[in-house]
Amino acid sequence: MQLKNTFSHQVYFWLKDKADLPKLIEGLNILVPIKTISQIHIGVPAPSEMREVIERSYDASLCVLFDSLADHDYYQIDPLHDIFRDQYADPLCKKVMVLDSIDA
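Reminder that position 18 of the sequence shown reads as 18 in this note's numbering, one-by-one numbering, no gaps.
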């Protein structure tokens, strides 16, 4: 089923210390109650077949779907997002990559 009228917010995290993965996952779960989230997936690299096009160097990922840009914008200013960024992502991660997309 193809999603329509969806704003996709994908985030990939590279940890400073791989031992901090449980703490980062704990932090990502803080985001779950944000009311404008339509769907959320918290993950780690899948044990996919090793092919050149598969990126597996990240430690954790977040995929959040919203019904609109306005819902995404609300998520960005929600206090839970600030807690995650300030107490988990900023101190634990050496790199964060964000990929936002809308319907083509």
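Just so you know, the hints here were simulated from the structure itself, not pulled from any lab data. It cannot be assumed that every hint is accurate.
Claimed, not checked - Keeping only pairs whose Cα atoms sit at most 20 Å apart, straight-line, the calculated EDC-like set for lysine to aspartate or glutamate is: (1) K94 - D17; (2) K35 - D78; (3) K23 - D86; (4) K95 - D67; (5) K94 - E55; (6) K95 - E49; (7) K95 - D17; (8) K16 - D73; (9) K4 - D90; (10) K4 - D67; (11) K18 - D90; (12) K35 - D90; (13) K18 - D67; (14) K95 - D82; (15) K94 - D82; (16) K4 - D103.
We went through each hint and held it up to the structure:
1. K94 - D17: Holds. K94 to D17 sits at ~9 Å (cutoff 20 Å).
2. K35 - D78: holds, 9 Å
3. K23 - D86: holds, 13 Å
4. K95 - D67: Not OK: K95 and D67 at ~27 Å, beyond 20 Å, violated.
5. K94 - E55: Satisfied, since the Cα-Cα distance of roughly 17 Å is no more than 20 Å.
6. K95 - E49: This hinted pair is violated, its Cα atoms lying about 25 Å apart.
7. K95 - D17: This hinted pair holds, its Cα atoms lying about 12 Å apart.
8. K16 - D73: Answer violated: K16 to D73 is near 28 Å, above 20 Å.
9. K4 - D90: Judged against 20 Å, a Cα distance of about 32 Å means the pair is violated.
10. K4 - D67: Within the cut-off at roughly 9 Å; holds.
11. K18 - D90: holds, 15 Å
12. K35 - D90: Since the Cα atoms of K35 and D90 sit roughly 23 Å apart, the hinted pair is violated (cutoff 20 Å).
13. K18 - D67: Since the Cα atoms of K18 and D67 sit roughly 33 Å apart, the hinted pair is violated (cutoff 20 Å).
14. K95 - D82: holds, 17 Å
15. K94 - D82: Holds, at roughly 18 Å.
16. K4 - D103: holds, 6 Å
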